[in-house]
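Asker: Now for the letters of each chain:
Number of protein chains: 2
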Amino acid sequence: MEQIFDTGLVDRAIAELRMSDLGNATIGQMSSLATMLTAQTGVPVVRMDQGVPSLEPSIVGRRAEQQALDTNVAAIYPPAEGIPVLKNESSRFVKAFLGLDIAPEGCIPVTGSVTGSFGSFVICNQCTEGKDRVLFVDPGFPIQKSQLGVLGYKWESFDIYNHRGEKLRAELERHLSRGDISTIIYSNPNNPAWICLTEDELQIIGELATRYDAIVLEDLAYFEMDFRRPLGHPFAPPYQATVARYTDNYILMLSASKIFSYAGQRIAIVAVSDALFNRRFPALERRYGSNGHFGNIMINAVLYMITSGTTHTTQYGMAAMMRAASDGELDFRDHTSEYARRAAGMKRAFLEAGFHIVYDRDPDGEIGDGFFFSVGYREFTSGELIRELMLYGISSVSLSTTGSLRQGVRACSSRMDEDQLGLLTRRLELFARNHR
Amino acid sequence: MEQIFDTGLVDRAIAELRMSDLGNATIGQMSSLATMLTAQTGVPVVRMDQGVPSLEPSIVGRRAEQQALDTNVAAIYPPAEGIPVLKNESSRFVKAFLGLDIAPEGCIPVTGSVTGSFGSFVICNQCTEGKDRVLFVDPGFPIQKSQLGVLGYKWESFDIYNHRGEKLRAELERHLSRGDISTIIYSNPNNPAWICLTEDELQIIGELATRYDAIVLEDLAYFEMDFRRPLGHPFAPPYQATVARYTDNYILMLSASKIFSYAGQRIAIVAVSDALFNRRFPALERRYGSNGHFGNIMINAVLYMITSGTTHTTQYGMAAMMRAASDGELDFRDHTSEYARRAAGMKRAFLEAGFHIVYDRDPDGEIGDGFFFSVGYREFTSGELIRELMLYGISSVSLSTTGSLRQGVRACSSRMDEDQLGLLTRRLELFARNHR
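Chains as they are written, first to last, in the working numbering: chain A, 1 to 436; chain B, 1001 to 1436.
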C-alpha cells in the first residue's frame, strides 16, 4: 500500500523518541518526530503542528525597535510597570478595538502571554485564602496547565462541547459553587478548536465570576480573528467580544505574537481592569505588604520577580505597532486574514477526503476560518489519527492534550502556503484512497 | 543647622510613602523617596541606591540586534534552548574567561539573571525529594529572596563576615548537614559588599556542595570586575574565580546587564555543568517525565513555561558581544573599570568624612574597588544612617535588606561621574562638620 512513510519507519521513530502514548504527545515531541522522519528520508512533512506565525514581522515594530537601539535605553532597566508610551498606547488600543476603558496603569508589558499567564496564576491564586484552583474552559492551550504543574497549583477543567449557550451556566456553577476557584481561563477565539464564545456565553461567565469572586483570565492571542464579523475598525463597533463587558474581575492577555507576527520578540500586554487593579486583598498584604494593592503587587512583587521588566527596545516596537493600529495605519486584521484563506483551503481538502470538523459549531452558527481548526476521521481516536496522518507525512497535535474529550487533531493553518496546501491535498487524497 | 533637606520635610515624605522601617526600605522605596524630595524642592539627590549601568550600551550588541531586525526572526518563536550561535559563543566565552569546558547545550539564554535564578530555584528545589531549602551566603541580592517568597519556598542564610577563609567550612556544614539544602547561592564579586570569595573559599563551597549534593547557583553579574587581579585576557590565565573548578553541581549566571551595559534588553546566560545537565533525577521524572533529564527538563518544562524563550533579536546581540569579547575585540573589562575609578573617589570622600568601610577585607587583603561598596558611620544603625544621609541629599540602600548583620549602607558607584562626585564630596563635608 502506497504511503508517504513506511509504517515500520514511523513506529521505530516513535519508539526512539519514547512517545509511548501518541494521544498525549506534546507539540515539541510531534515537531521532533517530523524532523526525525525528514532527516531519515529527505521527504518533507506537512507541518500543521506548531502555531508559528508565517507572515512578515510588522515593519512598524521593527523600525521602532531599531530606532530605540540607536539610543541608550538598551543600558537602562525597563520600568517594572512598562514605559509610559506603551502603557498609554495599550490603553488606547483597548479602547479602539475592544471599546473598553482600562487605565494605562493597568496595562503592563510582559515577556509574552506565557509570562502573563504565569504571573497572573501566581497572584490570582494567592489573593484570597481558600481560592487556590484554576478552572480551564477547555479545549485549551496545554502550556498553561504545564505552568500550574511547575508552580504546584491545582486545576480542573471541562470540555465546553456539550455546554454551549445557556447550558454553560450550570456547568460553570458546578465548578464555581464549591468556592475554591481563583481563576477561570480560556482563549477566544479558541486554541485549538477555533470556536468563539458568544456575547451570551461571555455574559454568563462574567456574571458567575462576579458572584463567586473568581478572576477571569481571558487569552486574546487571536485577537479580532473571528473573520465572520466586521471587526477591525478602530473606535467603531462592532468590537472584539470580551468578558470585560460583564464583570470587573478580569485580566486580558494581548499578545503581539500572532496579530503583529511578532512571536520572536516575546512581548504581550496584560490589561487588568481598573477595579481589580485597585482592589486590596488582605492575603496579599500579609504576604507582600503594600496594603494588599492588587496592581502594585502584581507589578512590583510578582512580575518584577520573574523577569524584572520586558525588553526595553521591544516595548518601543509594541507601542509603535499599537499606535499605528489605533490610528488606522496598520491593518493587522487584514494581514492575519491570510490564515482564514489558508484554513478554508485546508478544510476543503480534509472534508473531501472524508474527514469531519470536530468542533464545528458555535451557538449562533458554523465556526469561522482562522489560525486553527479541529478534524477527526471516522472512529479513529486522537492517538490513532495522529499516527495515521504521520504515515501520510502530515504532522498535527492531539486534541487529547488540550482537555478535549472528543477524538481528533488540531490543525494549524499558518504555514499552509500554496505549495504546502497542494502537498497536503495530494497526501489526503492518497489517505482517502487507502481508507476506502 | 545647615542640611540639604529639612528634617521635617524628609520625615513627612518617609511617612507619606509608608516607609515605617527605614532599615528595611527596598531599593524601589528609596528611589521613590529621592524622587519625591527632588520634586518638592528642586534639589537633586545624589543617587547611590539603584545599580543602574551608566555606560553606553554595547554598540556591538546593538548593531547585531538591528541587523537581526532586518530579517524575519522577530516573527519566529526563539528555540526554547536558545539559538545555536549564542549557545556556541556562550560556551566559548566560558572557556575564554573562566577556563571552563561547558558544552553549548548547557548554555541557555534567559530573560535576565532574574529569570535565570527564578527558574533555577524551581528546578533545584524540585529535583530531590526532601531538599527544599535555599541557602544564601549573605550579604546578597534581596530580589532573590523575594523570588522564593513568590514561589513559597523556604530559605535560610548566614552573614559571611565572621566566617571568611577556612572558618567558612564549619558554618556551611552547620546548614548543609541537615540534608535539606537544595541550592547554595551567592554573588561573586559580591552585591552589596564587593567582597570576593577566594579560591580557597570556593573550594570549600564546592567540596561541601558535592558532599551534601546541593547545587551551587553562582551569580556572576559583576563578572571579571575584581580589578585587583589581571583578568580579562581571553583564553589566558588568570581566570575569574569560580566554584566550577571544585564541584560538578553548579549553575553559573552570566548577565549582560553590567558587563555589556545591556540591562534594558533583559538577557543573561545560565550555564549548567555538563555533569548536572545530563544527570537524571527520579523526582523530576515523576513530575515532568523526560526520564528526569535535568537539562531537558530545565529548558522545556521549566524555563519554557516561564517566558517561552528569550527575545530573538537580543540573542543575536548577546552572541555578537560574546564573540567580540572572546576574540579580544571588545574589552568589556576595560569599560567597566570606570566603576572602580568612581568607587575609589567615593570611598576617599566617605573616609575623609569619618565613615568606615563595613566589609573591608577579603582573607587575602583589602577589598577592591568596583560597582558597590558598604559604608557605616560610628554607631549608627542601618536605618538611622539611611535617614541621616538623606538629610544631606544622599540616597543609599540599607545593608539590613541584604541579609547582613552589620550596620551600614550599600553605595553604588555607577552614576558617580565627576559632577556627582563633587556634589557627594561637598555634602559629606557638610555631614562631617555637623557631626563633629
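Just so you know, the hints here were simulated from the structure itself, not pulled from any lab data. Treat the hints with care, as some may be off.
[Said to hold, decoys possible] Calculated pairs, DMTMM-like style, for lysine to aspartate or glutamate (alpha carbon to alpha carbon, straight line, at most 20 Å):
(1) B:K1131 - B:D1180
(2) A:K145 - B:E1285
(3) B:K1131 - B:E1285
(4) B:K1095 - B:D1180
(5) A:K154 - A:E166
(6) B:K1145 - A:E285
Asker: Does each hint fit the structure? Answer for all of them.
Answerer: Structure-based check of each hint:
1. B:K1131 - B:D1180: holds, 4 Å
2. A:K145 - B:E1285: Given pair K145 (chain A), E1285 (chain B) holds - Cα atoms ~17 Å apart, limit 20 Å.
3. B:K1131 - B:E1285: holds, 16 Å
4. B:K1095 - B:D1180: Outside the cut-off at roughly 33 Å; violated.
5. A:K154 - A:E166: Violated, because 27 Å separates the two Cα atoms, which is more than 20 Å.
6. B:K1145 - A:E285: Holds, at about 17 Å.
This entry does not satisfy hints 4 and 5, going by the numbered hints stated previously.
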